[in-house]
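Trainee: Residue numbers (this note's numbering), protein chains in the order written: chain A, 1 to 272; chain B, 1001 to 1282; chain C, 2001 to 2317.
Among the hints, erroneous ones may be present.
Claimed, not checked - Simulated crosslink set (EDC-like; lysine to aspartate or glutamate; CA at most 20 Å straight-line):
| hint | chain 1 | residue 1 | chain 2 | residue 2 |
| --- | --- | --- | --- | --- |
| 1 | C | Lys-2015 | B | Asp-1114 |
| 2 | C | Lys-2225 | A | Glu-115 |
| 3 | C | Lys-2226 | A | Glu-115 |
| 4 | C | Lys-2225 | A | Glu-111 |
| 5 | C | Lys-2213 | A | Asp-94 |
| 6 | C | Lys-2231 | A | Glu-111 |
| 7 | C | Lys-2225 | A | Glu-78 |
| 8 | C | Lys-2226 | A | Glu-111 |
| 9 | A | Lys-194 | A | Glu-233 |
| 10 | C | Lys-2213 | A | Asp-175 |
| 11 | C | Lys-2251 | B | Asp-1114 |
| 12 | C | Lys-2231 | A | Glu-115 |
| 13 | A | Lys-107 | C | Asp-2310 |
| 14 | C | Lys-2211 | A | Asp-94 |
| 15 | C | Lys-2231 | A | Glu-78 |
Since the hints were made in silico from the structure, they are not lab data.
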Amino acid sequence: MNLIEVDNLSILNRFTGEFIVKNLNFHIKKHTCLGIVGESGSGKSMSMKAILGLLPSNLETTGCVRFGTVEMIHAEPETLRKIRSKHICLILQDAMTAFDPRLTIGKQIIETFCENMNYTVCEATEATLDILKKMMLHDPRLIMQSYPHQLSGGMLQRCMIGLAMALNPEVIIADEPTTGLDSINQRNVLDEFKRLRGEGMTLIFISHDLGVVRYLADAVLVMRQGRGIEYGEAAQLFANPVHPYSKYLLDTRKGLTKAFGELINKGATTSC
Amino acid sequence: MQVWQKLKQDKMALLSLGIIISIVVTGIFAPFLAPHDPLATNIKIKFAEASLSYPFGTDQLGRCILSRLIYGIRTTVFLSIVTMLLTITIGVSFGLIAGYLRGIVGEGILRFCDLLLSFPSEIMILAIVGMLGPGIGNVVMANIASKWAWYTRMIRSLVLEYSDENYIHFAKVAGYSNLYILCKHLFPAILGKVLVLATLDTGWVILNISALSFLGLGVQAPTPEWGMMLNEAKNIMTIRPSLMLAPGLAILIIVAACNFLGDSLRDTLDPKHNPIKAGMKL
Amino acid sequence: MMVAERWFMRNYMIKRIIWILPMLVGISFFAFVLITLSPSDPAEVALRVNEIVPTPEAIVSMREHLGLDKPFFTRYVEWILAVIQGDFGNSYVNNKPVFQEFMMALPATLYLSVVALIFIIFVSVPIGVLCAVYEGSIGDIFVRAFIFLATAMPSFWVGLLLIWLFSVQWGLVPTSGMQASNSVILPSFILAQTYIATYIRLIRNNMIENKQKNYVLYAKARGLKKRIIYKHIFRNSLTEVLTALGMSIPKLIAGSVIVENIFAWPGVGRLCVSAIFNRDFPIIQAYVLMMAVLFVVCNLIVDIYSALLDPRLRQAE
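Make the full structure from the sequences, and use the hints.
Mentor: Right, dumping it as structure tokens:
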């Protein structure tokens, strides 16, 4: 059964008349992970924001997006808000600026719990400590009292992931969650997502990093300049890409990996 | 220049420029355009209604209001423009020196400006007018003295920003003299920004000069000046309130035009100028 | 606040306060030097104001009387020492202590400024917030046009028009003076008028700028209600507004000159203007010094509480 169905999604800039995304089509089955890949500016984040009704007013969305029985494009803002608060959780790209700089992290997470899950402050505090511990963050109490600028990108990213998980939605959309993180943090974040997937969460994973998508996705959508280039099962696509652009992406990535491998080997033989 | 091209598309900015230019031209040709001598009193026709020979009527001394308004352009507007030009000249000169030469001279100028800027401009103006006494020359000097330090700082930071550009380094390496670089490269680059600041400030200077004249500290009677005319109108408010309208509106129009032009210039010169935003504005 | 932050704040405050001292010295020096700029001889002025013929002997004796024959730095130091003890000398006009004249006039100006501040806050904050929330609506456009005009209008003109309307025509408030309880309304409103326009614009632009920020997007993505999101936006806009508000207090006090003139309000602005007409240098000097000091002190207070408000600034250095 398809949890989310996207048919002919297009995003149009009202003032310039140009299409940011044109005729995008994909479906997501329950308990699967869809990986969306493409270069920067290919419209990956925009499409997700369009589905959730988060685009600015100068952009017009057309097409049909169905989440269960709800039609998302023409839904009431209040309906969309309720969906965003409990059913589909979006994890943003830039963790450093995602939180209100004036409040401590703890207060912001507690506020989200109180609003979305109707917890009392006590319950929300407990829940916050819980997710911070689950995310392997040292000294959860200190983190709760910290301001966003005092924490690293990786820590903030994990707070966002933890929060999304704790809200127990049907779908989690993660928009480039590993961009800008160092490799150790990247690994931690990816392991979290792997665990989520193992527990049966439906995931949409956006990245321009093919290796990451390969690690996690069941199905892959390749996007370029606002259009869906290729869409299919991950294993199939990575083994035998059909479209020349997909081939190009994979070849470039393979080339990079190969060059990196050679460099490491050369270093290993010459350095000792 | 592409600035002019972009500006031409903004209808309101062109309108503002048109208004300013026509006011300035009217002031220049005042003797030909004004129907009467602005200083000629005629008690017999005081408080006359608007008529063909006296389009705006007469004031409490029988002087033609329209003529006083037109000649008032010379006092209010021209003096403000002169003030602005002098302020900019001084500010730019010191700013270029402070920014380009740095070292002791630059630091010294900067610290001095900081000290002056710690004085609020209203206080500075009152202080200088207080010391020198009322009079239009003193008011102009006071305005210049209160603003030049700000311009110096502003220009200096612009110069610092621009002198790090590669083409300046190249010119230095190629052996061009400092003065040459200052004049040929740096000055045109910062000219645009200076123009914007100047236009925006002209409105402020006009308000200041007319305010001081209103208080009686600037122009002395019977010279026609818009602020002074409002002062006179204040005294006969109960008898003839309509005298308050014309000078105030005149000030409003020219200051609004200057502000609008300054805003448009700033939007045009801003590298973040967004054609979409411009589209949304119109 | 955590321990490290408290330590940093304390250092910051001490640094700022120490830096004030050379500023104050510079200001006092400048205020003192100001008189020497005057083309007229203070002794001559003092004589003339008191309607004494300025004969050469009279000038000499007046100079001695005013202590003007001593060397420059001696006079400066004596003046500073006197000022610190509250002695600004005597007015040339009525020979009363300047400090006394000032203190008598100051409460009126403060009263005016406080009421103006109340007007500013209670008018500009709601309107600014509403404009940001309903960005692009007819009301927003109307308010922006009004703001644009308001900043171009000379305040003394608006003052005159409003006096004519409310006082002369409708007789709701007195035209001048401080006697009636409602006589403060019109003057303080006119004083507030320019600032109201500026603050509406400031709040509106600040909030709109914040609306574009990433944390607002994430808040929306989390499904938070609009009301709560606006609370966050408003709180973020607050620092800049409060900073500007803090600096406006001395500006209000200094800017009361025109309003006090129109309404014959017995405040320090009126005192200063008549001193300028009378060439009463001690009063002008005292006004300049007191106002400049007020500005510098307010600047300091504003800097400190800005740092307290914005957690990011505490770590800036």
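Trainee: Given the proposed pairing of Lys-2015 (chain C) with Asp-1114 (chain B), does the C-alpha separation stay at or below 20 Å?
Mentor: 18 Å, holds
Trainee: Can you confirm whether the C-alpha distance between Lys-2226 (chain C) and Glu-115 (chain A) stays at or below 20 Å?
Mentor: Holds, because 12 Å separates the two Cα atoms, which is no more than 20 Å.
Trainee: Can the restraint linking Lys-2251 (chain C) and Asp-1114 (chain B) be considered satisfied, given a maximum Cα separation of 20 Å?
Mentor: 18 Å, holds
Trainee: Assess, step by step, whether the Cα of Lys-2231 (chain C) is no farther than 20 Å from the Cα of Glu-111 (chain A), and give holds or violated.
Mentor: Holds, at roughly 12 Å.
Trainee: For Lys-2231 (chain C) and Glu-115 (chain A), compute the direct alpha-carbon distance and say whether it is at most 20 Å.
Mentor: Cα-Cα ~14 Å, so holds.
Trainee: With a cut-off of 20 Å on the C-alpha distance, tell me whether Lys-2231 (chain C) and Glu-78 (chain A) pass.
Mentor: It holds: about 18 Å lies between the C-alpha atoms, which stays within 20 Å.
Trainee: Would the hint linking Lys-2226 (chain C) and Glu-111 (chain A) be met if the CA-CA limit is 20 Å?
Mentor: With a Cα-Cα distance of about 14 Å, the restraint between Lys-2226 (chain C) and Glu-111 (chain A) holds, given a limit of 20 Å.
Trainee: Hey, Lys-194 (chain A) versus Glu-233 (chain A), does the alpha-carbon distance stay inside 20 Å?
Mentor: At roughly 18 Å apart (the allowed maximum being 20 Å), Glu-233 (chain A) and Lys-194 (chain A) satisfy the hint.
Trainee: Take the C-alpha atoms of Lys-2211 (chain C) and Asp-94 (chain A), compute the straight-line distance between them, and say whether it is at most 20 Å.
Mentor: 16 Å, holds
Trainee: Would the pair Lys-2225 (chain C) and Glu-78 (chain A) pass a check requiring their Cα atoms to be no farther apart than 20 Å?
Mentor: Cα-Cα ~9 Å, so holds.
Trainee: Quickly compare the C-alpha distance for Lys-2213 (chain C) and Asp-94 (chain A) to 20 Å and report which way the hint goes.
Mentor: The hint holds at about 11 Å.
Trainee: Taking only the CA atoms, is the gap from Lys-2213 (chain C) to Asp-175 (chain A) under or equal to 20 Å?
Mentor: Given that 20 Å is the threshold and the Cα spacing comes to 17 Å, the pair holds.
The structure meets every hint from the earlier list without exception.
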